[in-house]
Amino acid sequence: MRIRLEGNRAELTLGLIHLREVFTVTAMSRAYPDRNHPRKYRVYVHIIPRKEH
Numbered sequence: 001m002r003i004r005l006e007g008n009r010a011e012l013t014l015g016l017i018h019l020r021e022v023f024t025v026t027a028m029s030r031a032y033p034d035r036n037h038p039r040k041y042r043v044y045v046h047i048i049p050r051k052e053h
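Residue numbers for the sequence shown follow the numbering used here, beginning at 1 and rising by one.
There's no promise every hint is true.
[Said to hold, decoys possible] Between beta-carbon pairs, the in silico distance windows are:
{"hint": "1", "residue 1": "R2", "residue 2": "P33", "range": "18 to 24 Å"}
{"hint": "2", "residue 1": "I17", "residue 2": "E52", "range": "28 to 34 Å"}
{"hint": "3", "residue 1": "R9", "residue 2": "K51", "range": "27 to 33 Å"}
{"hint": "4", "residue 1": "R2", "residue 2": "K40", "range": "17 to 23 Å"}
These are computed hints drawn from the structure, not numbers from a lab.
Keep in mind the model is a prediction, meaning the values are calculated, not measured.
Every residue gets a Cβ at the ideal spot worked out from N, C-alpha and C, and that includes glycine.
All chains should be built: construct the whole structure from the sequences, respecting the hints.
Structural data, given as structure tokens:
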């Protein structure tokens with residue numbers, strides 16, 4: 001599954017922390033600057049569900 005996260009760097013970091021609690025992150029893009037909002041970025045994350053024991 002591919003997810004796009006948008007926000008400032010702190011919001012992106014927090015979002016990734018929460019995603020990693022539930023999913024396995026298999027790939028992540030670099031932070032791309034948002035063209036319309038200075039100091040905002042977007043990151044593309046590929047995830048898979050974690051296997052439950």
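Verification of the supplied hints:
1. Distance hint check for R2 and P33: the Cβ-Cβ separation is about 20 Å, which falls inside the suggested range of 18 to 24 Å.
2. In this structure the hint that I17 and E52 lie 28 to 34 Å apart at CB is violated, the actual value being about 20 Å.
3. The given range of 27 to 33 Å is respected by R9 and K51, whose C-beta atoms sit roughly 31 Å from each other.
4. The beta-carbon spacing between R2 and K40, approximately 20 Å, falls within the hinted interval of 17 to 23 Å.
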